[in-house]
Amino acid sequence: MMTPALMKGNEAIAESALRAGVRAYFGYPITPQSELPEYMARRLPEHGGVFLQAESEVAAINMVFGAAGAGVRALISTSGPGFSLMQEGLSYLVGSEVPCVVVDMMRGGPGLGNVAPAQGDYFQATKSAGHGDGRLLVLAPASVQEACDLTLLAFDLADRYRNPVAILGDGLLGQMMEQVVLPDPVTSLRDVTWATTGAGDGPARVITSINLEPEALEAHNRHLQEKYRRAQQEVRWESYRVDDAGVVVVAYGIAARIARTAVDRARARGIDAGLLRPVTLFPFPSRAVAEAAGRARAVLVAELSAGQMVEDVRLAVEGRAPVRFYGRCGGVVFTPPELLEQIERVAAEARSS
Amino acid sequence: MARVVIDQQLCKGCQLCAVVCPPGVLAFSLKLNSAGYHPAVLADDGRCTSCTACALVCPDVAITVYRPEAGAR
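Residue numbers (our numbering), protein chains in the order written: chain R, 1 to 353; chain F, 1001 to 1073.
Keep in mind that the hints were calculated from the coordinates and are not lab data.
Glycine included, each C-beta is placed from N, C-alpha and C at the ideal position.
Certain hints may be false.
Unchecked claim - DEER-style ranges, computed between Cβ atoms: (1) F:P1068 to R:D272: 52 to 62 angstroms; (2) R:Q53 to F:V1020: 33 to 43 angstroms; (3) R:S239 to F:L1010: 36 to 46 angstroms; (4) R:P337 to F:R1003: 31 to 41 angstroms; (5) R:P45 to F:S1029: 47 to 57 angstroms; (6) F:T1052 to R:S188: 44 to 54 angstroms; (7) R:S353 to F:S1034: 48 to 58 angstroms; (8) F:V1057 to R:R269: 48 to 58 angstroms; (9) F:V1020 to R:L6: 12 to 22 angstroms.
Looking at chain F on its own, in the form it has when it is part of the complex (with noise of 0.2 angstroms):
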């Protein structure tokens, strides 16, 4: 299974990474962080490719992907 780290501090809820997000597996946390926004959460982790879109796109470079390592599926 992906493992998709978001750093909830760094993130200021820009959206973009929910908008290129090919499974739409993304969403916007009901807290708020420090800085007073909404921070990115995946929502849905069974359905994440690990197609680190949203961390290329990330203009904060908050997102961090992990991928299975082959065969261990």
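Next comes chain R alone, as it looks inside the complex (with noise of 0.2 angstroms):
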């Protein structure tokens, strides 16, 4: 039995991928993350790898793409602002299929906002890696010791698929203290025989996305869009008193776990809630949320947001049960109390119709 440990969840991110072998890490501080490069300078020298504090957001993941396009496992980290600045080098690396970690530890906003836990980068992390067809592959944690089990999965992830992987996370995340066992450091070997380290013999090694050939930059793209359906596999989610449930609460992250407080209470009051709580962000649950809504009078979104991954939910259940939507945002966090009175009232309505 290991034995567990107490961490930040920003600490167990950064501990999680020192034993999955990141050996470069790029960033520039901003809270409410800070506690990832910090303990990133004080260990990642120790592994023999590279700590580097960029001039800007921009600059770092800008190294990332250099170091993870000569082979090396790469991390960077950020809140919502410098997730919006590094927008464009990720484009590049999923234009050139460079595999990286980015850790979005969400903040309240838009602009400078506040450093209150939030989820309203939402729409910039699943929707598309900055400009172009390109997507991240996004996974959400709602515990610490999740945050350290999606790091590992993150980065095979990342190899598997060729691609920037996104964890996202929020403020509330990173800064709460919790138990967790730590994983054993990885010790297989990766597949980087794309990388930039010395092609031999073979033909050479390119690493780019421009391509000026509009013919050739659509295969580029039917390849892309190719790997994105093959990912579809990889879709994860957790259903909570779902099977039997008239009332169901959609939620991810940790609005996931003051939901899954809040359906409890319901079930306590004889409301037949349930909680489906997708892990993995893109791909998106369709199936198990168009399921779920199937079996429901009503589906109940519940973000830190005005209102995002519930254009999702609406896309997947596909009218099959009314969907309603509560948020609280700008880095006010709702209580199990409040959840409660949301579900009791679709719960009210859908009875009513």
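Take each chain as given, in its own frame, and dock them per the hints.
Structure, rendered in structure tokens:
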């Protein structure tokens, strides 16, 4: 039995990344994720890795591009404003098919906003990797343990699909301390025969995203889209009391932790509520949401935003059940009693219609 | 008189200490620390009983409570 540690979410991701074999970290400090680069600054040199605080997030993501292109496992972390700055670089990584892991601990926005927990970067993370038709694979942990576990998975998915993978957390997850059992260090070898480590007698290895021939670039786009179709098999979600649920709450990350408590309280009051928690946000668990909605009278989406994932839920539900939304934003976090009231409202509405 | 030392840079303003404080003497600074949080401060040291509930609950070990020596009151 491994001895559990008590760690902040940010630290657990950092330690997990080290055990996944990360040997390059680039970033720029921003609350609420600064413990992550602080941890890396202390520990990465001990593992023979490179820690570098760049002059900006734009520089940092391009340093990741360089290191990852040379076949090194590279990590970068930030919060909303920095994530915006990284979009251009992420597009280049996607276009060049270079793997990396990017952590976004979301905070209240838009603009400089504040340092309190929020989920307003859902669109930016899931809909497009910067410009062009690229996507990030997006994982959304709801506990410190899951943040640790999904970090390992993120590096594996990045390699398997040669694509950047995002871990989408929030200020609460990054700052809260929880028990965590850390993974054993990864010893398996990666296939980096595409990386610029020297071609020997083989063909030259070129990492680039420029392609001036429209037909050739279209073919490359089709290849990327085929990759994202293949990635659908990586879809993950957690169902909690959903099988017999008349009111299905859909929430991810820290919002799902609060929703789970509200679902239990609703059940105690005789309301048949359940919780469906997407763990992968791209690919989105559309089929699971559709099936749960098909058995339910109503769906309630709860987010720490003005309503972003609710659009993917509506696309998945396709009118099988009414989809209602409840959100707080700007760094305000809803409470279990607040969500319970919303579940009761939606349940009553579904009964009367 | 009890003395409560709160590391203003380590505190992330989670407010757990204020929730568990029996006499309710903890408040939050109007100033921001370097991470951008409003750290906890002892607002009324006269009513602090030095029970150490705040220090025990603090997830970041940011609070130290000094008790007066026995008989020193």
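>> Between the beta carbons of V1020 of chain F and L6 of chain R, is the distance compatible with 12 to 22 angstroms?
In response: With a Cβ separation near 18 angstroms, V1020 of chain F and L6 of chain R satisfy 12 to 22 angstroms, so the hint holds.
>> Taking the Cβ atom of P1068 of chain F and the Cβ atom of D272 of chain R, is their distance within the range 52 to 62 angstroms?
In response: Check passed, 56 angstroms falls within 52 to 62 angstroms.
> Per the hint of 44 to 54 angstroms, is the separation of the Cβ atoms of T1052 of chain F and S188 of chain R within bounds?
Replying inline: With Cβ atoms ~47 angstroms apart, the hint holds.
> Are S353 of chain R and S1034 of chain F spaced within 48 to 58 angstroms by their CB atoms?
Replying inline: Hint holds: Cβ distance 52 angstroms, inside 48 to 58 angstroms.
> Cβ-Cβ distance between P337 of chain R and R1003 of chain F: within 31 to 41 angstroms?
Replying inline: holds, 37 angstroms
>> Please check whether Q53 of chain R and V1020 of chain F have a Cβ separation lying inside 33 to 43 angstroms.
In response: For V1020 of chain F against Q53 of chain R, whose Cβ atoms are near 37 angstroms apart, the range 33 to 43 angstroms holds.
> Does the Cβ-Cβ separation between V1057 of chain F and R269 of chain R fall within 48 to 58 angstroms?
Replying inline: violated, 30 angstroms
>> Taking 36 to 46 angstroms as the stated bounds, is the beta-carbon spacing between S239 of chain R and L1010 of chain F within them?
In response: holds, 39 angstroms
>> Within 47 to 57 angstroms: is that where the Cβ-Cβ distance between P45 of chain R and S1029 of chain F falls?
In response: Violated: the Cβ-Cβ distance is about 35 angstroms, outside 47 to 57 angstroms.
The structure is inconsistent with the numbered hints 5 and 8, although it conforms to all the rest.
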